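Those protein sequences? They're chains A, B, C and D, same order as listed. Sequential numbering from 0 applies to the first sequence in numbering that gives the first Met the number 0. Sequential numbering from 0 applies to the second sequence in numbering that gives the first Met the number 0. Sequential numbering from 0 applies to the third sequence in numbering that gives the first Met the number 0. Sequential numbering from 0 applies to the fourth sequence in numbering that gives the first Met the number 0.
Which copy is meant is left open, because identical chains are indistinguishable; a pair holds if it fits in one copy or across any two.
With a cut-off of at most 25 angstroms between alpha-carbon atoms, the simulated BS3-like pairs for lysine-lysine come out as follows:
| hint | residue 1 | residue 2 |
| --- | --- | --- |
| 1 | K130 | K76 |
| 2 | K2 | K15 |
| 3 | K130 | K15 |
| 4 | K172 | K15 |
Note that these hints are calculated values from the structure, not bench results. Just so we're clear, the structure is a prediction, and the values are computed from it rather than from any experiment.
4 protein chains.
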Amino acid sequence: MAKTVIVYFSGYGHTKQIAVAAAQAAGAELVEVDAEGNVPEAGWATLDAADAIIFGAPTYMGSVPWQFKKFADATSKKWFARAWQDKVFGGFTNSASLNGDKQVTLIFLQTLASQQGGIWVSLGLAPANTKAATRSDVNNLGGSVGALVQSPADASVDEIPAGDVETVRLYAKRVAEIATRLHG
Amino acid sequence: MAKTVIVYFSGYGHTKQIAVAAAQAAGAELVEVDAEGNVPEAGWATLDAADAIIFGAPTYMGSVPWQFKKFADATSKKWFARAWQDKVFGGFTNSASLNGDKQVTLIFLQTLASQQGGIWVSLGLAPANTKAATRSDVNNLGGSVGALVQSPADASVDEIPAGDVETVRLYAKRVAEIATRLHG
Amino acid sequence: MAKTVIVYFSGYGHTKQIAVAAAQAAGAELVEVDAEGNVPEAGWATLDAADAIIFGAPTYMGSVPWQFKKFADATSKKWFARAWQDKVFGGFTNSASLNGDKQVTLIFLQTLASQQGGIWVSLGLAPANTKAATRSDVNNLGGSVGALVQSPADASVDEIPAGDVETVRLYAKRVAEIATRLHG
Amino acid sequence: MAKTVIVYFSGYGHTKQIAVAAAQAAGAELVEVDAEGNVPEAGWATLDAADAIIFGAPTYMGSVPWQFKKFADATSKKWFARAWQDKVFGGFTNSASLNGDKQVTLIFLQTLASQQGGIWVSLGLAPANTKAATRSDVNNLGGSVGALVQSPADASVDEIPAGDVETVRLYAKRVAEIATRLHG
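Kindly produce the complete structure, drawing on both the sequences and the hints.
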């Protein structure tokens with residue numbers, strides 16, 4: 000079994016809730032980016048040892064929060080040494096709007112993975128997009144690049160749509176499986 | 000009053016329905032890209048005379064349909080002559096999923112407008128993204144770059160969510176107003 | 000050894016030249032999109048049988064030419080049936096300018112691959128970006144998502160910078176190797 | 000004459016050098032994001048009073064540095080109040096590679112401007128992309144969405160290619176002129 004790590008930043012707890020659920024589904028370890036954008040040394044060691052890294056972050060003002068970007072900037076050391084070459088990558092993002100420019104966040108995450116010489120795993124799930132579809136369905140938002148979550152602006156961490164959480168769980172499992180086929 | 004033109008391609012009638020509603024709201028002329036990706040000579044003359052051009056297209060497989068791209072490729076003559084320099088631009092897109100990679104279409108449309116030396120008008124509307132929000136609200140999808148429409152896969156042209164149609168109408172009006180301030 | 004296929008459209012011969020060089024390096028088969036945007040039945044069968052598909056197209060007006068988009072639209076049948084799920088994907092693009100919005104093309108190609116449930120392989124090469132670097136160096140353009148080629152507007156097919164061609168060759172080989180590890 | 004402001008972050012001095020040159024050309028004020036990602040109160044007041052805001056940032060790991068993102072996140076207050084609605088926006092970015100995923104930075108900046116209800120001004124310059132073109136030519140990189148600068152990895156602040164600096168100067172002047180037409 001490949002080693003999968005979810006590295007995430009959570010501003011208000013929603014992304015953490017999702018990251019924990021995804022980690023359970025995929026047998027993944029969690030590394031948290033703190034409020035100052037830092038990751039402890041042990042976290043970096045965990046990431047270095049990973050076969051697959053899943054990025055998790057909310058979308059703020061059209062991209063990841065600055066704390067997650069500070070983490071991304073710090074990965075320039077890995078980039079310089081080609082230390083993460085050929086790792087498997089994926090990403091998920093959460094914001095209050097159905098669209099909310101979440102795709103711009105995913106494009107950034109995909110680019111970051113590419114700079115590291117990575118291999119990106121798509122969502123791999125058909126969308127639920129008929130008139131009968133609901134927010135409880137898997138991939139109701141109809142993403143493809145990574146996993147999308149929409150938590151209404153006034154939703155608590157326990158009110159994240161079930162279909163979106165399940166989408167991230169299935170995706171994390173998929174990333175881990177591809178990593179096992181490639182690196183296991 | 001500035002002259003605003005909506006140039007669109009519609010595969011199954013939904014985008015046409017939206018384009019017609021937007022044209023009424025904004026006092027805009029319509030130019031249709033046909034099933035072979037062509038625009039008649041009169042259509043090109045209308046576009047050349049426009050102060051503002053709004054692109055309208057569904058999202059198929061992550062971007063505009065090939066017919067709209069054929070139109071975009073044909074605008075290379077305008078690009079070469081800098082003939083559309085400083086025109087005002089906007090864009091809207093429709094697809095069956097709430098997200099459905101619509102943003103990748105908007106990024107392309109925005110890039111096309113930039114290649115033409117254009118000025119891009121954002122949606123300019125706050126999102127409706129609380130728990131109480133519905134698909135009848137203006138900007139319920141939470142776009143910002145342009146106007147987003149989601150018509151479920153089995154929805155007829157009369158079943159496009161009212162909030163999304165109204166969003167495009169308000170946006171087209173906004174583009175026309177900005178063009179009037181800039182070119183009027 | 001995995002089966003790798005390069006599917007490409009070439010308007011003036013440059014992309015064809017690059018595709019042929021890449022196919023030799025990677026032991027890949029070639030499928031050409033014709034001037035009307037069509038692929039013969041045999042080409043579709045070749046693509047269906049592929050473990051890895053590399054997209055090749057110039058950048059026209061901020062994305063792939065309409066002929067390549069027509070091919071992309073036709074892959075909606077594969078999408079609907081999830082027929083290309085888990086295939087390995089990559090992409091390269093050529094245009095006359097050093098930048099020339101080539102990245103918007105790659106973002107589209109990456110999105111197309113994601114819609115098909117694919118796994119995207121990054122370029123995986125460090126950039127040559129010091130003062131001493133030349134257009135003969137590998138990855139002098141400094142891409143990461145896929146392979147970038149710049150052929151000056153007045154360059155013949157024999158005048159494509161050697162470093163860019165070599166970059167695509169190395170990339171195609173890399174995509175084939177990842178596919179062999181995953182599917183071989 | 001409209002009031003134009005350039006808000007920038009500079010890690011090693013190159014972006015500052017470019018920002019200063021652009022401000023001179025466009026008669027713009029400068030607001031610097033500091034090493035902790037903060038802008039002083041007076042800077043926010045300057046931005047609030049601006050008719051046009053030009054974003055300037057290097058590209059680090061596929062987007063703006065975390066310090067600039069911290070500034071962008073702080074503009075959420077303006078977003079919430081729609082305080083920057085209808086302002087004119089533009090952006091430039093610098094990195095060591097000719098491409099270097101600079102476009103992903105511009106797409107983010109354009110999205111940020113859209114979230115604020117802004118109007119984005121394209122570069123508006125034809126590319127210099129023949130065999131005879133050099134790095135001293137205006138728009139030799141061939142951008143369109145905003146202004147692109149490439150400073151080799153070992154270039155001092157005095158070794159930024161002259162053509163790229165002139166490109167940013169012409170662009171800043173253009174943004175100011177469009178703002179004057181719209182708001183003057």
